[in-house]
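Can you make the complete structure from the sequences, with help from the hints?
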Amino acid sequence: MRFDNMVLYIKPGCPFCSKVMLFMEENGIEMKILDSTEPENSQALLDMNGTTQVPCLVVDDKPMLESDDIVQYLEDMIS
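Here the sequence shown stands for residues 113 to 191, where the numbers follow the numbering used here.
The hints are simulated quantities; they were obtained by calculation from the structure and are not laboratory data. These numbers were taken from a predicted model, which means no experiment stands behind them. Be aware that one or more of the hints could be misleading.
Said to hold, decoys possible - Cut-off 20 Å, straight-line C-alpha distance, at most; resulting in silico cross-link-like pairs (SDA-like, lysine to any residue):
#, residue 1, residue 2
1, Lys144, Asp173
2, Lys144, Met189
3, Lys131, Thr149
4, Lys131, Asp181
Claimed, not checked - Distance ranges between label pairs, derived from CB positions:
#, residue 1, residue 2, range
5, Glu142, Pro175, 26 to 32 Å
6, Leu158, Arg114, 26 to 32 Å
7, Glu152, Met113, 25 to 31 Å
8, Asp180, Pro124, 16 to 22 Å
9, Lys174, Ser130, 20 to 26 Å
10, Glu178, Lys144, 18 to 24 Å
11, Gln184, Gln155, 14 to 20 Å
12, Gly125, Ser191, 27 to 33 Å
13, Asp181, Leu158, 15 to 21 Å
14, Asn139, Gly162, 29 to 35 Å
15, Gln155, Asp188, 28 to 34 Å
16, Met113, Leu158, 27 to 33 Å
17, Asp188, Pro151, 32 to 38 Å
We treat Cβ as the ideally placed atom computed from N, Cα and C, and that holds for glycine.
Written out as structure tokens, the structure is:
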């Protein structure tokens, strides 16, 4: 299942990001993934949230933080 209206910002090695990515993989969820260590992505996160916290799921230009909240949101979307 592909969600074109969503973008997930992650940081390699982040256990909370891995949790979200694993859930997505197990459930066949696809969306644009951006690496927050890239300067332009880091700046976009900062501009959007005032923080570079990851994972950050952006749905229709609205950011959502916290891996548990993101997993729950995605679970609700596919059920």
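Hints that the structure is at odds with (numbers, increasing): Violated: hints 5, 11.
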